[in-house]
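Trainee: Here is what each chain is made of, one letter per residue.
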Amino acid sequence: MANVVQAKNAGSEDPILQYVTFRLADETYGINVMQVQEVLRYTEIAPVPGAPAYVLGIINLRGNVVTVIDTRQRFGLMNADTTDSTRIVIIEVEKQVVGILVDSVSEVVYLRESEIETTPNVGNEESAKFIQGVCNKNDQLLILVELNKLMSDEEWAEVAAL
Amino acid sequence: MASHSSNDFSSPQEAIEGYLEALLQDVADYEEPEGLQSDSGADSTESDTVIDVKPDLADASGWEAEPEDTGRVFSPSGSVRELSGFASADYSPEVQTQAATHESNAEAPLAFKEDAAVIMPDLQIAEEEITHEPDIQISDEVQVEDISISDVQAEPEIIVEDELEDDISLEDYGVTEDIADSIEETETETETETETETETETETELTENSGWANGKPVWAQERFECLLFKVKGLTLAVPLAELGGIHKREKDLTPLFGQPSWFLGIMRNNQMNIGMVDTAQWVMPEYINGTHSTDYRFAIHIHNSEWGLACDEVAEAISLDPDEVKWRTSLGRRPWLAGTVVGHMCALIDVAAFARLLDSDKVPVDLQSLDMDEE
Numbered sequence: 001m002a003n004v005v006q007a008k009n010a011g012s013e014d015p016i017l018q019y020v021t022f023r024l025a026d027e028t029y030g031i032n033v034m035q036v037q038e039v040l041r042y043t044e045i046a047p048v049p050g051a052p053a054y055v056l057g058i059i060n061l062r063g064n065v066v067t068v069i070d071t072r073q074r075f076g077l078m079n080a081d082t083t084d085s086t087r088i089v090i091i092e093v094e095k096q097v098v099g100i101l102v103d104s105v106s107e108v109v110y111l112r113e114s115e116i117e118t119t120p121n122v123g124n125e126e127s128a129k130f131i132q133g134v135c136n137k138n139d140q141l142l143i144l145v146e147l148n149k150l151m152s153d154e155e156w157a158e159v160a161a162l
Numbered sequence: 001m002a003s004h005s006s007n008d009f010s011s012p013q014e015a016i017e018g019y020l021e022a023l024l025q026d027v028a029d030y031e032e033p034e035g036l037q038s039d040s041g042a043d044s045t046e047s048d049t050v051i052d053v054k055p056d057l058a059d060a061s062g063w064e065a066e067p068e069d070t071g072r073v074f075s076p077s078g079s080v081r082e083l084s085g086f087a088s089a090d091y092s093p094e095v096q097t098q099a100a101t102h103e104s105n106a107e108a109p110l111a112f113k114e115d116a117a118v119i120m121p122d123l124q125i126a127e128e129e130i131t132h133e134p135d136i137q138i139s140d141e142v143q144v145e146d147i148s149i150s151d152v153q154a155e156p157e158i159i160v161e162d163e164l165e166d167d168i169s170l171e172d173y174g175v176t177e178d179i180a181d182s183i184e185e186t187e188t189e190t191e192t193e194t195e196t197e198t199e200t201e202t203e204t205e206l207t208e209n210s211g212w213a214n215g216k217p218v219w220a221q222e223r224f225e226c227l228l229f230k231v232k233g234l235t236l237a238v239p240l241a242e243l244g245g246i247h248k249r250e251k252d253l254t255p256l257f258g259q260p261s262w263f264l265g266i267m268r269n270n271q272m273n274i275g276m277v278d279t280a281q282w283v284m285p286e287y288i289n290g291t292h293s294t295d296y297r298f299a300i301h302i303h304n305s306e307w308g309l310a311c312d313e314v315a316e317a318i319s320l321d322p323d324e325v326k327w328r329t330s331l332g333r334r335p336w337l338a339g340t341v342v343g344h345m346c347a348l349i350d351v352a353a354f355a356r357l358l359d360s361d362k363v364p365v366d367l368q369s370l371d372m373d374e375e
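Sequence order for the protein chains is A and B.
The first sequence begins at 1 in full-length UniProt numbering and counts up by one.
The second sequence begins at 1 in full-length UniProt numbering and counts up by one.
Please note that the accuracy of each hint is not assured.
Claimed, not checked - Rough simulated footprint, nothing fancy, chain B against chain A, three-plus residues with beta-carbon under 8 Å:
1. 31-37
2. 65-79
3. 113-122
Simulated from the structure, these hints should not be mistaken for laboratory data.
Since the model is a prediction, treat every value here as computed from it, not as a measurement.
Glycine included, each C-beta is placed from N, C-alpha and C at the ideal position.
Pulled out of the complex, with its shape left as it was, chain A reads as follows (with noise of 0.2 Å):
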């Protein structure tokens, strides 16, 4: 019974989290499976006159008008073709459902927080404060984004608004 407190406490320390992964320009990020909704295929996506560089247009979801913002473009990436692999990952993000558009999602992994390391933060450019840190996974780094700091408290209003 103590081993078992003890080993709750253990874990509490060192919580244990899930992350979506998804594809971006050959690399694969990762974002807090709690912020995600749904996964959706590729639909044609309405442009919005007037709306912002990173807004690409809306899509009808189930009747709610949804925006879908621009990953590529947020990160700093060149623009790439739509494929049969592009999905558009539906999150909820400062009490705002949008969707983002990526190249593709692979799976959901288990991290512990302590997996978590810091990255060397050189860049003075805004996209560099969504990085979160990285994680060693299957051989491969792990880019965990956060979402929360996707978009401006005024991006955010603005993307609102649309």
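With chain A's structure known, arrange chain B on it following the hints.
Mentor: What follows is chain B alone, placed relative to chain A:
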């Protein structure tokens, strides 16, 4: 910095020669103050402006016993800007030493005039080549006289201050605040004068990097081992004392978005993450264009840091005597450069300073624009 128009690295030898030539030129520039302060005869081939002149003056007049900076001031570069530079940086030690010898001697100014008179024939001889000689001569005399007068005045003023401070109760005798203010002003003036003198003395010490002693890194106080490695044809050296390890790049790096172009990504090796730095962009940004290959094979891991210097080839380990290295004398714009090893035609990297720079908030993002700005 000498600029080379060619940016392609198809000719590594060309890249090496061009770079080291420029690098050594930079180091020579940095060493000028120290050379002026310490010895008079050495490094006669270091300075651009002095090199051509000094032998002529020495040969013409044979004034070997003369202080070197008098010869430097009369260099035929003709540029007022250069002369003012010499005056500010080079004259202070000279003035201090002469002021010390003639500290309480009222003949000190006369001694300077005698020097100038002795130099005059040399200038006349050199006049055939120099067109702006009168300007140079006048500015030099004024500077010497000004500085010597300030030195002479400094001592009596300090004595007066002490007296006045002792007599602060003179306010009772009607000493106004204005007088006290003027005393304070003169006090601060003398302080600033003496401060500027001491600043020039300690200038090299302030700019010297931490982890250095006696003008060289701590690890280079005695004979030390270095590892040579090549980046885009250029040979670089790192001290084994600060080498964390050599990692072979076996798979693609993991790039992180939002980072500068010189940060290639993360390399996972031996259960550790190493941030790979594009060494070529740091060492020779003027040769790097946007499309240069970053297909480096190795990473030179800096000891006690998370950084690695990307390189194409790891060469050999050599043993160096500290005297074989032309050490940098100030941080300059290349704090990562410990010095150059002419015998091996390579630059010696101060990896600890490099790691400190990378970890600092002041690490530059765009190295090429930085280089252009400083040019």
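Trainee: A separate judgement is required for each hint: does it hold in the structure or not?
Mentor: Now the hints, each set against the structure:
1. 31-37: Since 0 is below three, the answer is violated.
2. 65-79: That given contact holds, which follows from 3 residues of the stretch 65-79 of chain A lying within Cβ reach (below 8 Å) of chain B.
3. 113-122: Per the Cβ count (5), the hint holds.
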